[in-house]
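**Student:** Please build the complex by placing chain B on the supplied structure of chain A, with the hints as guidance.
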Amino acid sequence: MRGSLIILSFFAAGVLLGLFQFIPDLLIHNDFSHWALYLLMFLVGIGIGADPNSLKALSQFNFRILMVPLVTVVGTTLGVSGVYLLLSDINFYDMLAVGYGFGYYSLSSIFITELRGEELGVVALLANVMREVITLLAAPIFAVLFGKIAPIASGGATSMDTTLPIISKASGKEYAMVSLFHGIVLTILVPFLVTLVLGGF
Amino acid sequence: MVTVIIIMCLGIVLGYLIRNRKLWVRLADKLTMWAIYLLLFLLGIAIGTNEVIVKNLPTLGLKALLISMGGVLGSVLVAWLAYRLWFAPKKNDHEG
Chain A
134 MRGSLIILSF FAAGVLLGLF QFIPDLLIHN DFSHWALYLL MFLVGIGIGA DPNSLKALSQ
194 FNFRILMVPL VTVVGTTLGV SGVYLLLSDI NFYDMLAVGY GFGYYSLSSI FITELRGEEL
254 GVVALLANVM REVITLLAAP IFAVLFGKIA PIASGGATSM DTTLPIISKA SGKEYAMVSL
314 FHGIVLTILV PFLVTLVLGG F
Chain B
1141 MVTVIIIMCL GIVLGYLIRN RKLWVRLADK LTMWAIYLLL FLLGIAIGTN EVIVKNLPTL
1201 GLKALLISMG GVLGSVLVAW LAYRLWFAPK KNDHEG
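Each protein sequence line maps, in turn, to chains A and B. So for the first sequence, this note's numbering puts the first residue at 134; every next one is plus one. So for the second sequence, this note's numbering puts the first residue at 1141; every next one is plus one.
Next comes chain A alone, as it looks inside the complex (with noise of 0.2 Å):
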């Protein structure tokens, strides 16, 4: 809990500074999140590899493994559909797109706001950002009142980096490999629903 408080407060003091502009024009114009990232994936790949159990995962798993990335669509389709239940002001496949950003908001907001215009599009991009932060945040709880598997299937396509960390902190260096799996999955398969149910095909 301390460390999603600590988390959080970054966060939120990097939006703080972001609206009173209090930060030199080279760390907007440069994409230095780029290269964090980089680093974060770098350093995460050395705690898998030194982890003697992770490694072993991928065998272990086996066919299990195939079902994660299957469990993240379903649940979302059904939680997105309850939504609706409550909000009916909103078109329920516009609904449905934002949620099959699955936390990949850099290209689901692109591609929402190609296909319904901008407004969508920002709905996409603090939806999905929401997506990643919360799990960022809820990681352990969801870990610990829903089994190992909820952390992933919360961080949706963010599981295979931003995510990671924090869900083979909750879950265990020996669910890395699964979470890696389950993201890849579904970064790919983002732009793919996207567009099929905002009938882009």
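In short, the hints are calculated from the structure, not lab data. The structure displayed is predicted, hence computed values, not measured ones. Among the clues, some could well be false.
[As the list claims (entries may be wrong)] Coverage of chain B stretches by chain A, computed from C-beta distances (three or more under 8 Å per stretch; other residues unrestricted): (1) 1148-1159; (2) 1203-1209; (3) 1213-1219.
Even glycine gets a Cβ: it sits at the ideal position worked out from N, Cα and C.
**Tutor:** Here is chain B on its own, set in the frame of chain A:
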């Protein structure tokens, strides 16, 4: 995305090579948390400096929050079912 996966694979190889050097492994763990802090800080800056998001935040934000919460809640509930069916260690395995 391919670059990210290649970088991670290089990390796995290096991690495997240094697996017996506990101090290095612990240092990598610490650095991992700091990399998360940096990424979230940068994500915050990206949101704070985007005028389109800031202007429409109240109305669009509520819709976005409900959709993301629905997606997460549905996912963790189906994940709970899947974990119980296929992943959770069977009690008998430990009693035998």
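**Student:** Each hint needs a verdict: does it hold in this structure or not?
**Tutor:** Against the structure, the hints come out as follows:
1. 1148-1159: holds (count 12)
2. 1203-1209: holds (count 7)
3. 1213-1219: holds (count 7)
When the structure is compared with the earlier hints, no violation turns up for any of them.
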